[in-house]
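Chains as they are written, first to last, in the working numbering: chain A, 1 to 220; chain B, 1001 to 1490.
Think of the hints as simulated: they come from the structure by calculation, not from any bench. We put the beta carbon where it would ideally sit given N, CA and C, even for glycine. No incorrect hints appear here.
Some chain B residues flagged as far from chain A (calculated, every beta-carbon gap over 12 Å):
(1) GLU1100
(2) PHE1207
(3) LYS1345
(4) ASN1415
(5) GLY1452
Derived CB-CB ranges, DEER-like:
(6) A/LYS214 - B/PRO1135: 55 to 65 Å
(7) A/SER116 - B/GLU1050: 40 to 50 Å
(8) A/PRO190 - B/GLY1241: 26 to 36 Å
(9) B/PHE1367 - A/ILE218: 57 to 67 Å
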Amino acid sequence: MEQLLTANVATNLYWLGRYLERTEETLYEINKAYDAIIDIDKDAGVKLYKKFNIDLEYTNASDFLDKAIRGVHDANIVNIITQARENTIICRTHIDFEAFGEIIELHTLLQRISKSPLPIDYKDIDLILSLISEIWCAHTKRGHRKSSDYFFKLGKLAEEVDLRLRFDRNKSVTEAIIKDINIILNLLNPDAGLQLLSYDEEDDIMESINTVMKKLIIED
Amino acid sequence: MPNSNSFAHDYKLVIFCIFFIFIMLQSTKENILGVYMLEKSTEMHDRFWEIFSQQDIKKIDEFKSYMDRFAVNFNLYKDGNFIEQSLPFDVIPRIIAKEEFTKIEKGLQHRVTALNLFLEDLYTDAKIVKEGIIPQEFVDSASGYLKEFVGFSPSKKVRTHINGIDLVKDSEDDEWVILEDNLRVPSGVSYPLSIRDTYRKIYPEFFEKLKIEPIKNYPKIITDAMKHVNTGGINVLLTPGRFNSAYYEHSYLAKESGAQLVRAHELVVIDKKVYFKNYNGKKVLVGAIYKRRDDEFIDPKFFNPESLIGVPGLIEAYLAGNVALMNAVGNGVSDDKGIYYFVPKMIKYYLGEEPILKNAPTYLPYFKEDMDYVMNNMEKLVIKDVAEAGGYGVLFGHSMSAIQIQDLKATIIANPRRFIAQELIEFYDEKCYLNNELKDRKADFRAYVVMGEDVKVWNCGLTRYALEEGNYLVNSSQGEGFKDTWVMEL
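Looking at chain B on its own, in the form it has when it is part of the complex (with noise of 0.2 Å):
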């Protein structure tokens, strides 16, 4: 008859046994690899480790190497010099689960119908702020606000063309969480395009194993949106130039979508009706421009009679229905902070349903009561400058010394308007292999979606990753990096 001491300790025996062998794999693999098994790995996530275990690391150098030899470029001034340079680029690529997708597919949809009929309302009859939903006051004072179109609606009354919204994943509660609404000119979208079609050919066994979700449709996502907006004629890609941060992407696109890539001056507006100079003289109409700058820097005319850039005569050929703007002019006003912070309020309003998803925890020190809270508690939030984009203007708390906190809350309290404060939110890391180590680092995530006939999420998005440890802000403004994103089936 077995001892009862002696069974419990072979199954010590046992589980110690299975416990030492898994440790001497974890270790070997670690040797080869240089690279650790994801702590909470899920079952997506051992599929990639697996094939990723099996390939030659050392082809990551070819990423560089591609972004290099094709100029996959951002350009940035520093010290009064032009630089071009390619931004940083992460091998291991964030993985969402197709089911998680949907969700947050869903979610945008919502939201961008929602913003689309807010614009609409605003700049027609302004309901929303007849109803008190949003204060006249709060509106007025947004800088991306235009009086001058109230009264004009666009094309096919879509406004919210293409638009980047930015999200980040809650670790606390497991939730996809909206940090920023960018419907004027969001940028991006080429480096994961352009990354991805390296990716399948440098390592092709991830796609042929893995179920993920192909993601070359983009360019015709937005040839389709133009043509469904297009007032007769063809479609430009308006740039403003060779020196821009992101011409790379603008040349790009129009590669891909089949528009016309133009500077202003090769626009010209003759009885309100815009058309493309050809190098022969001709002159052929123009149906959709998908503007890559600011309103304020497309017509001299209308916004800045100084300006030496912009197409004289644009917004009256627009306002006159004969060209179509993407994103519209004005849309400005919903890449506001403060605006952002009743967004959940406009979904209700407009769609009578519940966000699918959540905005960061906002405070609005315009109302008494969100004063008050961010007066007492400013040394965990977030303060954003409503105005700012591209990481600038953005303040952590608990970064700030009691001086600098003192002095915040004395610029906040003299212009309420001009900020929010947001919980931090503790979301995500994601895996970085950097310098041959696996490290955790914050990121973010752009989603695209697009507006024409109906709204489009692309299947894919910029991941941008920080460079630094514990560094929240992740921008390519700021020099962060990216990765692409697999939105994946098991």
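Next comes chain A alone, as it looks inside the complex (with noise of 0.2 Å):
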């Protein structure tokens, strides 16, 4: 018998995905920027920061890290991650112990960060990828697969094309992810018929994963 997910776990699963992904990504798109900035290149971080459409402005590195993790903007660390603690407290009962841990862990670290009067540390920066990579680890350990681990990595897919888009990366390895996106749609509705066209015959990607989405997850 097919695995019993309700809407609204299925999308804060793909919602947890999602978010994960987007704090390592950018995290490490931060820690690439924290470092051009210190002698190489000081408007690496308002660069960055275009790309996710924000005007972020600093003074220097330190100033571009706190600015960065905790500032007042939509790509802001710590909201993502509250997010993504959210949506662990609602799908929990569908989500690898120990990954649960993890997250609510994560969360408790980045409200200290958050909160605390101290510079942002780049040792933090570390450890929240290094949580984050025990996340992915706790949940690609189980061996049999259920649907509520093809949302979550549906959501982690997702997110990583929209990310690959942002930064215009290499156009055959995100037609690869693409393609992984399909094979999970058929997993979970194979009746449906849902699949996103190729690279180049989507006009518009994140539009076509959206709608994907909204009938792969039927809400009423």
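Two chains, each in its own frame: build the complex with the hints.
Given below as structure tokens:
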């Protein structure tokens, strides 16, 4: 018998995957920009946040780190992880026990960082990334995959596509990810015939993903 | 030839030396651990302390870390703000001897069987009322009594599926006393379940060396109870949602029992049958619903048309026998503290036996004789509002001013059915390790009794302790703490 999931749980698993991937990838980019701001390119952070449609202002590398992690803007890492925690609480019945604990720990860490009067420590970023890696590991170690795992994975892949498009990354890899998404769509609802077109055929890939998700998860 | 005086002197010296060594040993232990041995320790307690004294006391902090990491929370609204907090936990377990627990077990099985028979009778033939054991007026005025359900008998005639019975141990006669029956939506079971797992990881020695009854079977017990009454279909646990105070418990029990965790709008009723709405639009038949919300919020079509929550048509499906609801609708009548007074009479009436576990001595101002007693002795009584729960509506005569007592007397005279009065029970304190010191705190015990094919009492329970010294009111809703309960064999 197929695994039963409410639309609410499926949606929250999907967004959990997206938020974790968004946090991880953004932090990698923040690390790169931080390094560049020190002595190579003072505007590296401005350029990075332009890709998120955010005008970020900072005085130096440390200030950039601070604004990127806990500044008042939509790509604020603290807020993204607060959302991820909320997703986790809602769908905890379908999440790996250890992964659940790591997400709560990640949130606690970011809350501490956000409230600390001290400057952001780059080592904290390493710690956040390490916790996210552990969450992926806890998730992937499961031998038998269920629908809940696929929704989580689907979120991760959708976010990967989003970020690859924003950063204008290698097209062939993005194409491969779209194929993976199609495989999962087919596994989750083989009767619905939900598929994304290829990279070149889609006018707006993210819009298509959103449309497909609305058809995959039937709210009522 | 020995001098008798010298012998007496030597004897006294030996006694003194033994006493001195004993005191030294005690104080050394105290210095190392900062704890005292229990004054009246039983052999089991001695064994506990023996192992405890060898443990790394700093590990206690790991319990809090665990509860934070896995969000073992109890949600509260304070000043309009939603707060997720972990319940205060005390590392020293309540220890109940297996033999003693067996008596509690029998008493609870007895009581819950009688309560189930009472509810079934009340909603069908109402013989107990017709025969004058319980006054009709008393039943009619119970807030949880739902006349609309008269004539309906639920699946397998089980109504009291999951019950939380609150007890204390009276220090005067060493007997366990029932304080309250919770036959609607008793909560709290997930906390001892979660903490036991942690206890085993942090301090495995206790479980290796002592014969502590295992407790992991609770989800299986409720699954079996659901299976017993299931009308054909899947099991679901109906939660008010993520912002409910006991949401952690709902998700924990759903995960462990395999029931789907659902909110009201994730169920739909079609042709008097309840369906689970799967993410892909498929509808899956539901056979049993473990509802974690009060009756009046489960079906807006039946109870309150203004309500935005609930499953429209659920009661129709229930009355058609197409779904089982756990606990049965209408059980609130037996949570009424006035009805509690009659439970010993119910046991005699339905089972023809004396109760194994006693009620606290209770007076109903509804009866003239009891009213007189209450009016003349209010200073030493505990007054309870019959319709309140969660530790609310409880007043202690000894802590009220003369004016407050006068006001309360007037309120009781104006509405005698609304109150009960109980003798204050001097129940045992439990040792609690608070702020690196051992302290005595009042503690009650909620036992979980599950009725399916038979009546099972879980080998554990929720021991709740008061945070403040001398406080007799212990309830999670009042922010009090909890500890593990070990049923142990010697």
